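Here the structure of chain W is known, so what remains is to put chain H in place on it, guided by the hints.
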Amino acid sequence: MSQDMNRDDNHDVEQRLRAALRPVDPGAGFVGGVMARIAAERPRSARLPRTRAAASWLTFALAASIVLALLVAHQHQARRTEQGLEARRQLIQALRVAGDKLDLASRIVNAQQPPPNSSNSGA
Amino acid sequence: MSGDEACTSRALLARATAGDTAAFGALVRMHQRPVYSLALRMLSDRHQAEDLAQDVFLQLYRSLAALESEDHLSFWLRRVTMHRAIDRLRRERRYAAVPLADAEMVASDSADADPILERRLRGLLEELAPAARAVIVLRYQEDLDPVEIGRTLKMSVNTVKSHLKRSLALLRAALAVPGSGAGGGSPTPPRPLPSGNRLLI
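Top to bottom, those sequences are chains W and H.
Each residue of the first sequence is one higher than the one before, counting from 68 in my numbering.
Each residue of the second sequence is one higher than the one before, counting from 10 in my numbering.
If you are wondering where the hints come from, they were derived from the structure by calculation, not from laboratory data.
All figures in this text were calculated on a predicted structure; none of them were measured in a lab.
One or more of the hints may lead you astray.
In the DMTMM-like style, the derived pairs of lysine to aspartate or glutamate whose C-alpha atoms are separated by at most 25 Å in a straight line are [unchecked claim]:
#, chain 1, residue 1, chain 2, residue 2
1, H, 163, W, 81
2, H, 170, W, 81
3, H, 170, W, 79
4, H, 174, W, 79
5, H, 170, H, 154
6, H, 174, W, 81
For reference, chain W alone in the conformation it holds in the complex (with noise of 0.2 Å):
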């Protein structure tokens, strides 16, 4: 009994609620109102994308020239390790004919000395 009573009262209270609650129009200027404050924020956004892309522009800038900068000094880093390894080979090669040189006037040399005399030393 009582909880029919509460289902009742229930009822009316939601029937109630439904018709306070009831939608409503805004005033007429609503919408234009929304119109309004997104024209009035539309250059600000327009700026940003350009504020944005400089921003990135300067990024890509910023990292070619480093990657750039890394490029150049790693060629002139291999440039002059090349320079060094022939500098070395021709070093070689001028001790390598010099110790030929040598080796050729030693023998000349002792070549054109008078063998020891074998008579002598045995008197």
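Below, chain H alone, put in the same frame as chain W:
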């Protein structure tokens, strides 16, 4: 929303997403009533409600690309409106209570309505905590079921049901509704909610 309206709304959404401002205006016109009403029932102040509803549509304009469908749009609008309203109520609660008299600004537009009782009910609604008020508004204004309310407010279904049950009991007690439903139009002032339950639900 009828099939035709849904179709139109979908087309408007697609055009607005592509940057058509006029289509976005039409979309605002189509959804202004529920968004503004939700804000109004939560904040009980026409100016604040218009301001909040405009904020919601501004946020919608920035988020158009993220919306997938007409259903998603309606859900999104309800969710953002209610969360913004709850946030605003909680923020303002620190400084000043919402005056009950503001409820009188909400006019009734139905001939057979009982304006005094409706004003009483809305006044009592203002005494509910923001979350409980949001549950009641979504249930009886938007006609959502507890599952949909839970999704909108990010609440469990049990919490929604508990809010509904307790709020209805409190409103029934405060209104002291007679079983027959008669006397609803009595001009006597409403009994306030029991102090232990005010803004604590």
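Checklist entry - Is the hinted pair residue 170 of chain H and residue 79 of chain W satisfied, with a Cα-Cα distance of at most 25 Å? => result 18 Å, holds
Item to check | Restraint status (C-alpha distance of residue 170 of chain H to residue 154 of chain H at most 25 Å) | outcome: Distance of about 10 Å is within 25 Å: holds.
Item to check | Distance restraint between residue 163 of chain H and residue 81 of chain W, which requires alpha-carbon spacing of 25 Å or less | outcome: 23 Å, holds
Item to check | Hinted pair residue 170 of chain H and residue 81 of chain W, Cα distance within 25 Å | outcome: 14 Å, holds
Checklist entry - Going straight from one Cα to the other, do residue 174 of chain H and residue 81 of chain W come out at no more than 25 Å? => result Holds - the C-alpha atoms of residue 81 of chain W and residue 174 of chain H are around 11 Å apart, at most 25 Å.
Checklist entry - Is residue 174 of chain H within 25 Å of residue 79 of chain W, Cα to Cα? => result 14 Å, holds
Consistency note: the structure conflicts with none of the earlier hints.
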